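Engineer: Take a look at the letters that make up each chain.
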Amino acid sequence: MQTSLIRKIIFDEKSRSLLIQTLVIGLFAIFIYLIAQQTAYNLEKRGISSGFDFLNISAGYDISIRLIPFTSEDTHLRAYFVGLLNTLMIAVCGCILATILGFLVGIIRLSSNWLFRNIAYVYVEFTRNVPVLLQIILYYSILLSLPKIKQAFPIFNTFYLSNRGLFSPSPIFKEGFSIVFYSFIIAIIFTIFLKRFLKRKQEQTGNQYPIFFINSAIIIFTPILFYYIMGMPLEFDHPVLKGFNFKGGMVIRPEFLGMLFGLSIYTAAFISETVRSGIISVSKGQREASQALGLKSSFVMRLIIIPQALRVIIPPLTSQYLNLTKNSSLGIAIGYADLVHGFGGISLNQTGRAIEIMLIVMLTYLSISLIISLSMNIYNKSVQFKGNA
Amino acid sequence: MTKIKSLFISLLLTLGVSAAIAGSHGSTHDLVKERGKLMCGSNTGLAGFGAPNDAGVWEGIDVDVCRAVAAAVFGDASKVEYVPTTSKVRFTVLQSGEIDMLSRNTTWTLSRDVDLGLEFVGVNYYDGQGFMVSKDLGVSSASELDGASVCIQVGTTTEMNLADFFKANGMSYESVPVETNSEADAAYLAGRCDIYTTDASGLYASRAGYPDPSAHVVLPEIISKEPLGPAVRHGDSEWADIVRWSLNAMIIGEELGINSGNVDEMKGSNNPEVLRLLGVDAGYGAMLGLSDDWAYNILSQVGNYSESFEKHIGPNTPINIQRGLNALYKDGGILYAPPFR
Chain B
1 MQTSLIRKII
11 FDEKSRSLLI
21 QTLVIGLFAI
31 FIYLIAQQTA
41 YNLEKRGISS
51 GFDFLNISAG
61 YDISIRLIPF
71 TSEDTHLRAY
81 FVGLLNTLMI
91 AVCGCILATI
101 LGFLVGIIRL
111 SSNWLFRNIA
121 YVYVEFTRNV
131 PVLLQIILYY
141 SILLSLPKIK
151 QAFPIFNTFY
161 LSNRGLFSPS
171 PIFKEGFSIV
181 FYSFIIAIIF
191 TIFLKRFLKR
201 KQEQTGNQYP
211 IFFINSAIII
221 FTPILFYYIM
231 GMPLEFDHPV
241 LKGFNFKGGM
251 VIRPEFLGML
261 FGLSIYTAAF
271 ISETVRSGII
281 SVSKGQREAS
291 QALGLKSSFV
301 MRLIIIPQAL
311 RVIIPPLTSQ
321 YLNLTKNSSL
331 GIAIGYADLV
341 HGFGGISLNQ
351 TGRAIEIMLI
361 VMLTYLSISL
371 IISLSMNIYN
381 KSVQFKGNA
Chain L
1 MTKIKSLFIS
11 LLLTLGVSAA
21 IAGSHGSTHD
31 LVKERGKLMC
41 GSNTGLAGFG
51 APNDAGVWEG
61 IDVDVCRAVA
71 AAVFGDASKV
81 EYVPTTSKVR
91 FTVLQSGEID
101 MLSRNTTWTL
111 SRDVDLGLEF
121 VGVNYYDGQG
131 FMVSKDLGVS
141 SASELDGASV
151 CIQVGTTTEM
161 NLADFFKANG
171 MSYESVPVET
181 NSEADAAYLA
191 GRCDIYTTDA
201 SGLYASRAGY
211 PDPSAHVVLP
221 EIISKEPLGP
231 AVRHGDSEWA
241 DIVRWSLNAM
251 IIGEELGINS
261 GNVDEMKGSN
271 NPEVLRLLGV
281 DAGYGAMLGL
291 SDDWAYNILS
301 QVGNYSESFE
311 KHIGPNTPIN
321 IQRGLNALYK
331 DGGILYAPPF
341 R
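From first to last, the protein sequence lines stand for chains B and L. Quick note: the first sequence, position 252, residue 252 per the working numbering, numbers continuous. Quick note: the second sequence, position 284, residue 284 per the working numbering, numbers continuous.
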């Protein structure tokens, strides 16, 4: 009886593979456990303290690039959030810019204009084949050779460009501005319903309406109308050169711009190839059939080609977004205060908690990446073939 | 069956490897002797303190501490391998055992001494954080720096001092964090920041390498205490003693007037402390587990503290630093080594 059980496990393919898989997973778990235990033992032996208490100690350093207030008295935990927001900011801005640029270049590469097509080709081949770190440093160096602060280059006497960044007026919202803001939100919601209504009407009657123009007008003019009704509740704080630096206003720093250019120009080259392959993947017959129906060429692209191309484009586009987000950790090279630079660098040095901090940073990147994957997968499902096509 | 057998074997191997990782820590002194050379953590390149010269040979007063330890252990100051470390990885490299000692303008602080599992064995340079500005700005004091952009090397005590100094004086600033000295120099020279702040010694060293050193001025304010010194791992006191007394031997050498030129004739001195130091009176080397001529080797091959200082960072070098605090206690400084007896 027992021998037959063993025979069954060894010679039956299913149970045998199950056994081996279980063993491998078990071994892996043991291995991880041993490493963790050994690390804890070594740390203790060398008198290095560990734990997560350091998160509540005040950080003691300042971060200039920040979205939320931060002073040197705030905790390391807050420094973590400052860094996280900076990472998200560069990732979001980078992804948006890379997507726009990537789609543009991808379409240009298929254009019939020889010059444009080849300029796009050179751009793609150059940026794709040079390490992104070098490109970031290149753009940063170019930004650093802009005029010095005292000779800042004025643009319309409102914006000032120097190697310390682009200084612009910052808005001051006065009482009543919230109503302008709400009117803007309501206008957007209204246009969504209007679009549905007009679409349905078009299906019933066959009449086309300039939906895009109507909606754009509503979204733009409603807040402007309310802005004047409320007595112009918005002022600007203009930057003024005083002492060492501009005082007042807002600034986009060269570190941020260097990262933004480096990451998005690099990633856009990959995205453009993805877009190109997506468009090529749509069979020629589709274009010919839609032209035969008499559709305008812009409609052919927008209604026939792009929706089908998206099915091919989305999955690799997701991995480009993931790459860009992870590459944002290169900010350390030019002093962009992202998660790795601030929390993963300065806090690590002040506290010496290398393992804990690296664990937190890695888990954070993992979570961001998984969230991007998840939302892109949901979007991907929505553009796939529906029904029994 | 063979498959299962091999799985078992691999399991045993895994356990064996982990056990081997666990049992690989002996005394650092034995390890160094066995290896035949000293692994010394140095700066990635700070002129006068620790940097390779034109011929690729490491030089500087931090490097001389490594050479002194090698001279004490092997009788040969050249038996050192230098491991360049950034301010960020220096402690990890030491903790993990990749280097035997760290001699790299590192500030001795409580948390580093206690919390990071390190042992600072002494001070080879009394430093303090300063500010360097371009002369055109017309700034003469650090209290006039409100609103300035400040270039700062990340992962150092300077960041905290800077935050404290500006806060205490009610001034604001923009911090421009950079990773290495050379990046800080580049950003400062490009005008990305008005001020470069780090230990004053580092400022002098950087300035010496600028196209026009005289266009930059180090402000008189020193805003912190930065005792720089060599560090070893916590928990190996014998090794810590060797490094500590190698440094002390250089200081005592200066105090007693022994230098690399006169060390042989000083062996015939009447001063009992000189005789103890140079190993003429035997017994002191053995206490440290070294040969009796260990300090003789340091002074003949590396020289005393003053020689090292004058050669690398003194007024006759491009770095041009006065002895100041780093003069012997007899000469108005605070350099002081415990007696050799």
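Note that these hints are calculated values from the structure, not bench results. Be a bit skeptical, because a hint or two may be false.
Straight-line distance between alpha carbons at most 27 Å, and here's what the computed DSSO-like set of lysine-lysine pairs gives [as the list claims (entries may be wrong)]: (1) B:296 / B:195; (2) L:311 / L:267; (3) L:135 / B:148; (4) B:150 / L:135; (5) B:174 / B:242; (6) B:247 / L:135; (7) B:150 / B:296; (8) B:247 / L:311; (9) L:311 / B:242; (10) L:167 / B:45; (11) L:33 / L:79; (12) B:381 / B:195; (13) B:242 / L:37.
Bear in mind the structure is a predicted one, so any value in this text is a computation, not a measurement.
Engineer: Hint by hint, where does the structure go against what was stated? Just the numbers, ascending.
Structural biologist: 7, 8, 9, 10 and 13
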